[in-house]
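Hey, can you work out the whole structure from these sequences and the hints?
Mind the numbering: the sequence shown is residues 0 to 295 in numbering that gives the first Met the number 0, read in order.
There may be inaccurate statements among the hints.
Using 20 Å as the maximum straight-line C-alpha spacing, the simulated PhoX-like pairs for lysine-lysine come out as follows [as the list claims (entries may be wrong)]:
(1) LYS129 - LYS102
(2) LYS159 - LYS172
(3) LYS9 - LYS238
(4) LYS213 - LYS238
(5) LYS221 - LYS159
If you anchor each label on the Cβ, the simulated ranges turn out as follows [stated by the list, open to error]:
(6) ARG151 - ARG233: 23 to 33 Å
(7) ARG31 - ASP150: 26 to 36 Å
(8) ASP235 - ALA10: 24 to 34 Å
(9) HIS65 - SER157: 19 to 29 Å
These are calculated hints, taken from the structure and not from any lab test.
C-beta: ideal position from N, C-alpha, C; glycine also.
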Amino acid sequence: MTTGAILDGKATAAEVRGEVAALSADLARSGRAPGLTVVLVGDDPASQVYVGAKDRAATAAGFEVHTVRLPATASQEEVMGTVRSLNEDDRVDGILVQLPLPKGLDSDAVIESIDPTKDVDGLTSSSVAKLVSGREGLLPCTPAGCIEILDRHGVDLSGKDVVVIGRSMLVGKPFAQLALARNATVTICHSRTRDLAAHCRSADVIVAAVGVPKLVQGGWVKPGAVVLDVGINRGDDGKLVGDVDFAAASAVASHITPVPGGIGPMTIAMLLANTLRASAARQGVHLEGRIPGPTL
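This is the structure in structure tokens:
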């Protein structure tokens with residue numbers, strides 16, 4: 000039995016982080032280091048872990064990193080007021096509001112209150128409009144991480160049939176736009192799609208991002224296809240599993256990402272790249288072409 004090449008997100012992300020750190024040091028010598036502030040509302044355990052990982056990665060890259068912690072009882076105005084104050088702070092180049100927010104808070108309104116030039120998650124309507132219209136901007140981190148890992152492993156999307164499972168604004172829709180920009184033919188599948196397996200079997204590239212453990216079976220994967228597993232689920236045994244049956248799919252795929260250790264590390268790496276890009280732009284330093292990550 001042959002096994003597909005593992006797209007190692009940990010190793011690839013380490014390369015990206017090293018490049019970002021070198022450019023961050025250059026920026027600090029000529030001006031100041033990039034500044035990233037994370038807004039964490041409440042005490043959700045998973046969010047605490049994610050914020051800690053982002054803090055460590057950004058600190059290791061030489062960034063000035065701060066976390067603003069607000070209680071779960073914080074009002075909508077308190078959260079948005081915090082974001083607005085960060086918009087006005089010249090030391091802050093990137094603002095990241097950790098999602099999900101506690102119940103009762105309007106996440107969309109909070110995200111929209113972020114200055115688009117500091118929107119390092121690429122989630123504001125301004126960032127989305129730039130993506131859809133093909134203008135340069137700050138790209139959503141997870142889809143950008145998917146493209147970056149493909150680029151660094153020589154997987155060309157031009158002319159390929161790509162099936163994206165999931166239509167969220169965090170992954171599915173923005174990845175489809177990025178793939179279209181690479182001249183792929185894209186099909187977005189979702190809960191109402193008829194015969195999902197048939198769509199997958201016709202695909203050169205499958206991107207699974209729905210949060211259903213082992214949804215994509217080995218028999219759904221065309222021999223030689225590339226599989227990107229964006230799902231992160233907790234299995235019955237407590238271990239993390241993706242949206243793809245890794246053991247079965249890896250037997251037929253040419254390339255596949257594991258869970259964990261695949262797209263997750265790439266997401267954080269792209270957050271760092273976005274913050275570096277935002278900082279360089281705000282300081283008037285031209286680093287385009289040197290900053291890692293996909294562009295339109």
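task: Against the earlier hints, flag every one the structure doesn't satisfy and list their numbers going up.
output: 1 and 9
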